[in-house]
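**Student:** Sequence:
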Amino acid sequence: MNKDYAIDIFDGCGFFPVVGVTILIERCLLRIDEGNKLRMHDLVRDMGREVVREKFPFEPGKRSRLWFHEDVTRVISKEQASKAVEGLVLNQPKPMHVNTKAFAVMQNLRLLQINNVHLHGSFQGLFTELRWLCWHHCPLESLPTDLHPRKLIALDMQHSNLKTWNGVKFLTNLKRLNLSNSIFLRTTPDFSGVPKLDELSLRFCSSLLELDPSIGHLGKLTDLNLGYCDNLKILPNSICNLRSLERLYLEECTNLQNLPEKVGSLGSLQELRVSGTAINQLPDSIGLLKQLKVFTLAQCNRYMKANPWLSLIFPFSQTKSAIKFLPPTVSSLSSIKDMDLSDSNLCDTDIPYDLSQLSSLGYLHLNGNKFRSLPSRLSQLSSLRHLWLHDCMSIQSIEEFPPNLRTLDASNCPLLEKLPDLSNLKYLECLDINDCNSLVVLQGLQNIKAIKEIYVEGCRNLTTSLEESLFQGYSGRLVNCSIFLSRRGIPPWFSHKKVGSFLSFDVPSGVETESLEMTLWVDYVNEGILGVGLEAVIKNKTDETEWIYEPKFVRTLQVNSWVCNGPQPYPIRSGDKIEVCVGGDKGLKIEKCGIHLTYKNDIKATTQRSQEMVEIERENLMDFIREKRGHAAVQISSDLSKENTLSKRLKLE
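Here numbering that gives the first Met the number 0 is used: the first residue of the sequence shown is 0, the next is one more, and so on.
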C-alpha cells in the first residue's frame, strides 16, 4: 500500500506511524519502493502471520487478524468471530452473500476488506471502530442509511454500483475517498460533511455529470482525481477555493472545455494534468500558479482548428480576437519542471516568445505539433535536460539548443534540414533523429564525450563524410556508445567480419600496446515487435573474462545496423582469443557481425577524455542531489509536523 495512505490509517488508530515505520526500515523489516509503497519480504510477513496464528491455532475467530480465505469464510459462515478481531480480509473472485450478523460481535474491528461481498441485513451499531473500509464491487446503489462509521479514515469503493451518495455527513473523520470506476455515479454529495478530506478520486466515473459546489469547502484537500470522466463538462467555480490543493488530474475528460477563470487562486497547486480534454483556451490567471511543477496539456487542442497566435507579434492585426491556446502569462511559471504540449496542433506563434523565465523547466514535450521553427529563446532554458520534438512534420530548422540537454528526440521530422552544431551539448547522452530524410549535415556529433545512444536510422541523405568521421575515428572519440543506422553493410576497413551471429578471432601478436579497444558492428533484421532486446556477449578465452554489450532496445521494424563501442571492463591484449556471440529476442535475425580493433596509443587524449567524463558525471550527480534534497526537505517537513509532540519527547532535532 502507498506509505502515506497507510500512515493516515495507522495515525487514525492512535499509533505513531512515522517513527514506527522509520524504526522498521532501520531494522530491515520494511522498505519503501520507488512508487512510495511499503514492501516487506515474504518471510517476514509469514513470520508475523504465524505469531498471530499460533496464539489460537484451532480457533481463528479469537485471532486479532484474519486473512486466510478458509479461516475467514469459516468464521463468517458459522458466526464464530469474537471481540478480538481487529482486521479482516475477504477477497472474493465471485460475488458472496453475507449477513451483517456475522460482524455484530466484532466491536473492535478497525480494518476491513470485503471485495465482491454482498452484505444483507441491518448495519445499526456495526463498524463503529472502523478506520479503513475497502469494498470493491459493492453491489449497493446507495449507502445504507443506518451505516455510521464515524471514525472511518479511508473508504475505498472502486468499481461500485453506487448511483447516489447519501452517507457522507457521518464521515467527519474521513481523509481519503476513492470511488474510481463507479460507472453509474452521476453526482457527488454535499462535501461539507467531510471537512478533513485530503484525497478524492473519481477516476473513470464515466456517468459523472457535475461536482457539487460544496467541494470548495474542502480546505484540506490536496489530491483531486477526475481523470477519464467522459461526461464531465464543467467545473464549479468553487473549486478555486481549494487553497491546499496540490494535484489536479483532469486527463481525458473529453467534454471538459474550460478551466475556471480564477484557477490561479490554487496557490498550492503543483501538478495540473489536462491532457486529452476539449480545452482550447487557458485562462490568463494560469501564470499565478507559482508552485506549479508539472503541467500536461497534450492533445488539448485536437478538437479545434489551429489558430495562429499572431496577436503577440502583430497586436494590431485583424487576428487579435482569435483564440489563444497559451496566454503570455504561462511564461511566469518559474517553478515548473515538466511541461507537456504534445499533439496539440500548435503552430510557431502558439508558443509565447519569451520562455526564458521558466528557469526550472527540465522536461519539455513539443512533439506532434505543426512548428516550422522553435523560439530562439528556448536556448536560454539552462535547466532543460530533455526535449522531445518527434513527429513535428512541418519543422524545417532549429537554430540553437539549450546548453545542458541530456536527451534530444527529433525523430520523424521529414522536413528538418538543419540542426545547429552539436559540439556545445557536452552533456548530451541520447540523440534520436530517426527518419529525418531531409537532414544533410550533422555537425559536432563526434565531439560529444557523454553520448551513449545515437539513432540515425532513415537519415539517408546524411553526407558520407559524417559516417567516416563517426566510425573510423569512433573508438577514440565516442566511448561506451551505441549507434543505430540504416543498413549500409559492414565497412571494408573492419578487421574481422563473419556472416551469422558468431565470430571468433585471435588478437594479432607482437603489438606493443598493452590493451586495445574494439568496435562492434551488427547487421540485423527486426521482424518482431517494435521494441526488442539485442545483446552481444564478448568472451576472452585466454583469461576467461566475459562482458556484454547491450543497447536499451531496438525500436524499428526494418533492416538496420548497430554499432557499439563498449563498455569494456577488461583489457584486450596481443595474442588473446576472442569470441563474439550476438543474439536477441524472438523476431530479431542477426545477419552479419564484425569487429574492428583500435590501438590505444594516445595516452594524453585518453586522459583528457577521462577528465571530461568525470566533470560530466559530477554535473549529473549534482543534479541528482539537488532533486533528491528538495524531495527530502518536503518529506522531512511533513513527517516532523505530524509527529511534533513525539519528537519533543524523543528530543529529536
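Think of the hints as simulated: they come from the structure by calculation, not from any bench. All of these numbers come straight from a predicted model, not from anything done at the bench. Cβ atoms here follow ideal geometry from the backbone N, Cα and C, with glycine treated the same way. Heads up, a few of these hints could be off.
[As the list claims (entries may be wrong)] Below 25 Å or equal to it, Euclidean Cα-Cα: the simulated DSS-like pairs (lysine-lysine) are: (1) K576 - K497; (2) K496 - K585; (3) K82 - K150; (4) K61 - K82; (5) K538 - K588; (6) K540 - K576; (7) K369 - K289; (8) K576 - K448; (9) K54 - K162; (10) K219 - K289; (11) K219 - K100; (12) K451 - K289; (13) K82 - K36; (14) K448 - K497; (15) K77 - K54; (16) K162 - K2; (17) K36 - K77; (18) K168 - K219; (19) K36 - K61; (20) K36 - K451; (21) K2 - K425; (22) K551 - K588; (23) K36 - K54; (24) K36 - K195; (25) K2 - K93; (26) K425 - K496; (27) K261 - K219; (28) K417 - K497; (29) K497 - K591; (30) K93 - K150; (31) K82 - K93.
[Claimed, not checked] Label pairs and their in silico Cβ distance ranges: (32) H158 - H40: 19 to 25 Å; (33) E78 - M0: 34 to 40 Å; (34) G488 - V293: 32 to 38 Å; (35) E590 - D32: 39 to 45 Å; (36) H68 - H158: 17 to 23 Å; (37) G574 - V536: 17 to 23 Å; (38) F501 - V440: 36 to 42 Å; (39) I182 - V536: 19 to 25 Å.
**Student:** Check each numbered hint from earlier against the structure, then list the numbers of those it violates in ascending order.
**Tutor:** Violated: hints 7, 8, 9, 11, 12, 13, 14, 16, 17, 19, 20, 21, 23, 25, 26, 28, 30, 31, 32, 33, 34 and 39.
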